[in-house]
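Undergrad: The residues making up each chain are set out below.
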Amino acid sequence: MYSYIIRRLVFGALTVVGVSIIVFMVLRILPGDPLVAIFGPEGFTKLSEAERARYMAELGLSDPLVMQYLAWVGDIARGNFGRSFFRAESVGEMILRRGPLTAEIAILSVILSWLVGIPVAIVSALRPNSLGDNVSRFLSILFLAIPGFWLGMLIVLAALFLFGYRAPLTGPSLLTDPWGNLQVVIGPAVVLGLGQAAYIARMARSSLLEVIREDYVRTARAKGLSRRPVITFHALPNALLPVVTLSGVLLGFVLAGSIPVERAFGTPGLGYAMFTAVSERDVFVMQNLVFLYSVVFVLLNILVDLTIAWLDPRIRYR
Amino acid sequence: MTATEPEAAYPISQAGRAAERSRLRRVRGGLGTFIRRSPLSAFWGCIAAAIIVMAIAAPALVPYEPLKSDFRAMTKPPSERHYFGTDQIGRDVLSRVIYGSRASLTVALGAVLFGTTLGALWGLASGYFGGRFDITSQRVIEFLQSFPDLILAMAIAMALGTGFGTVIVAIAITRIPFGGRVIRAVVLSLKEMSFVEAARGLGASHLRIMARHILPQCVAPYLILATTHLGVAIIIEAALGFLGVGIPPPTPTWGNMLADSLNAGLVPPWWLVLFPGLAITITVLAFNLLGDGIRDILDPRLRGVVTTQR
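Residue numbers (my numbering), protein chains in the order written: chain W, 11 to 328; chain S, 119 to 428.
Just so you know, these hints were derived from the structure itself, not from any lab.
Treat the hints with care, since some could be wrong.
[To be verified] From the structure, some residues in chain S lie toward chain W, with a derived Cβ separation under 8 Å:
| id | residue |
| --- | --- |
| 1 | Gly150 |
| 2 | Asp267 |
| 3 | Ala277 |
| 4 | Gly281 |
| 5 | Ile353 |
| 6 | Phe360 |
| 7 | Val363 |
[What the hints assert, rightly or not] Pair by pair, the computed Cβ-Cβ distance ranges are:
| id | chain 1 | residue 1 | chain 2 | residue 2 | range |
| --- | --- | --- | --- | --- | --- |
| 8 | S | Leu396 | W | Ile16 | 12 to 22 Å |
| 9 | W | Leu106 | S | Ala175 | 48 to 58 Å |
| 10 | W | Ser183 | S | Phe282 | 37 to 47 Å |
| 11 | S | Ile174 | W | Ser183 | 32 to 42 Å |
| 12 | S | Leu231 | W | Gly190 | 29 to 39 Å |
| 13 | W | Asp73 | S | Ile174 | 42 to 52 Å |
| 14 | S | Arg199 | W | Gly190 | 42 to 52 Å |
| 15 | W | Asn144 | S | Pro177 | 35 to 45 Å |
| 16 | S | Pro366 | W | Leu170 | 28 to 38 Å |
| 17 | S | Arg199 | W | Leu309 | 54 to 64 Å |
| 18 | W | Phe171 | S | Leu179 | 50 to 60 Å |
| 19 | W | Tyr226 | S | Phe247 | 36 to 46 Å |
| 20 | W | Phe243 | S | Asp414 | 49 to 59 Å |
| 21 | S | Ile174 | W | Thr317 | 45 to 55 Å |
From a predicted model like this one, the values you see are computed outputs, not experimental measurements.
For glycine and all other residues, C-beta sits at the position ideal for the given N, C-alpha and C.
One chain only, chain W, in its complex shape (with noise of 0.2 Å):
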């Protein structure tokens, strides 16, 4: 077990070091020039050649890349995530304001993608074709098809026109004002959760049915056990690993779809700050947030491996 986390450790460095040579290369050595991403082309032209040099020396855009590279690590290694053209708050201070908010969204659509499509998935593999098959099944499929950000902006609507309800467009922390902090937070993670159970649903179905054929199922129903405790706790268990694995692949869809999904619900996260910074053309605070999202992914990955190498000892002795 230990040699298989620190081989997962080390894979998951590298691919820090690589997601991170990636993310600069996109969002620097790409064609465009930094400063026209900041001023606009207009207000390029308008800048005189001296001005332009200086705001480069200024940003530290006129040193080699790869200095740049380091120096740009340099900052990440020690907590400066430098700050926005546009604001007085660091890039720092507002990861650690709005990052919770988004964090809370992710876990609350995580548990509620489980509670919601893992008993779709029973139901649907106890009776393979059956009506509530066929209905869950294509339920599962339409919520594939429906982009989470529109559904957002329905249920946004539809609160205001049935119920005259418009949530509250700050974000109050949970520990000081919880049912204000669960109104801003219920909204996205009900449809990031719904998204993410279709996933699972369909995933869990096929894994189920897979299990059920299995022999040791057979043993178990041969020697008495009713159907229900078969699957609850022969089957379950095991069809739902892959379940598992494919929770942590569904996190990118999570942590990428909070960005429109939060601008759909005007909700105060990171993802909106993700958006401003996109609109405005704010290229060092989308590079740090790029790479802070994509390092969270890697990092959740990595934990969500080492729960499957826990629970299933045929990768752990690999």
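With chain W's structure known, arrange chain S on it following the hints.
TA: Same frame as chain W, now just chain S:
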């Protein structure tokens, strides 16, 4: 996108007339099987085809110019004159939704054509040659997959500046690792089969083995993957438009329309929200179900492989 395509996609050699006829029969038979075995998928395949026709014939179908404002009818709810209503500067929503299909489908098709295909070819080569090339490729693909796809697409689209080509490139890059992974897995199992060994024994070159013996076997998983990716690409394109890094505004796209609706006042009028989103949902649903159907027909064994890879 009709059901005949999977068959037609096999490379046609200089076969004799008999072979040609049997192929024709297979195509027709394939279509028949498709309709019989999964009528639902066939139905949604027709819807997908209808959407493609709608995109091509958009100029003939629209009741109004999608970009022309009518200042006497601004933010009007659906009525007899404007079935889907008008937006805040008096543009007809129905016309814009119809034109939006052009942007969505072009981007999705382009992204799949470049991204999924490039990934598939990469996976083919890396699976076939193995060794150091394979290990390096796997690492690069892993790095690319460490980004949630929308975030990577956003970063690329932002770095390159907005535009049609950029959006296609941005989405295509997010599709590469999926194509690579799936096809590599298929190739790894094919490589060990005796017909490949036989070809190698006869002295066929690597290129020939890949092109004539392995590639045709990869067509089915590729098609399944490609149809699924069409749906994913459409959703990513809409999200990019919604976030303002998609195709720039005057062009009507479904994502842009949804983003616009948020600027239409404190509360977005419902018809500006409902119809573009409905268009996205129906289109993606059609492609997904078509993909499911193609998968069931072509290779039921692939059930797990492709769906988990989105």
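Undergrad: Starting from the range 50 to 60 Å, see whether the pair phenylalanine 171 (chain W) and leucine 179 (chain S) falls in it by beta-carbon distance.
TA: Once the Cβ atoms are compared, 31 Å apart, the range 50 to 60 Å for leucine 179 (chain S) and phenylalanine 171 (chain W) is violated.
Undergrad: Given a hinted range of 36 to 46 Å, is it respected by the beta-carbon distance of tyrosine 226 (chain W) and phenylalanine 247 (chain S)?
TA: Because 40 Å falls inside the window, the suggested range holds.
Undergrad: Is the gap between the beta carbons of phenylalanine 243 (chain W) and aspartate 414 (chain S) within 49 to 59 Å?
TA: For aspartate 414 (chain S) against phenylalanine 243 (chain W), whose Cβ atoms are near 32 Å apart, the range 49 to 59 Å is violated.
Undergrad: Just to be sure I understand the hint, the distance between the Cβ atoms of proline 366 (chain S) and leucine 170 (chain W) should be within 28 to 38 Å; is that true here?
TA: This hint holds: roughly 30 Å between Cβ atoms.
Undergrad: Please verify that hint: aspartate 267 (chain S), Cβ, nearest Cβ of chain W, below 8 Å or not.
TA: 6 Å, holds
Undergrad: Taking 8 Å as the limit, does the beta-carbon of glycine 150 (chain S) come near enough to a beta-carbon in chain W?
TA: Status violated, d = 22 Å.
Undergrad: Do asparagine 144 (chain W) and proline 177 (chain S) keep their Cβ atoms within the hinted range of 35 to 45 Å?
TA: 40 Å Cβ-Cβ, so the 35 to 45 Å window holds.
Undergrad: Please check whether leucine 231 (chain S) and glycine 190 (chain W) have a Cβ separation lying inside 29 to 39 Å.
TA: 48 Å, violated
Undergrad: Could you check the hint for me, namely that serine 183 (chain W) and phenylalanine 282 (chain S) are 37 to 47 Å apart, CB to CB?
TA: 43 Å, holds
Undergrad: Lying within 12 to 22 Å: is that true of the beta-carbon distance leucine 396 (chain S) to isoleucine 16 (chain W)?
TA: 51 Å, violated
Undergrad: Evaluate the given range 32 to 42 Å for the C-beta pair formed by isoleucine 174 (chain S) and serine 183 (chain W).
TA: Given range 32 to 42 Å: violated, Cβ gap about 53 Å.
Undergrad: Can the suggested window of 54 to 64 Å be confirmed for the beta-carbon pair arginine 199 (chain S) and leucine 309 (chain W)?
TA: 55 Å, holds
In this structure, the earlier hints numbered 1, 4, 8, 11, 12, 18 and 20 are contradicted, and the remaining ones agree with it.
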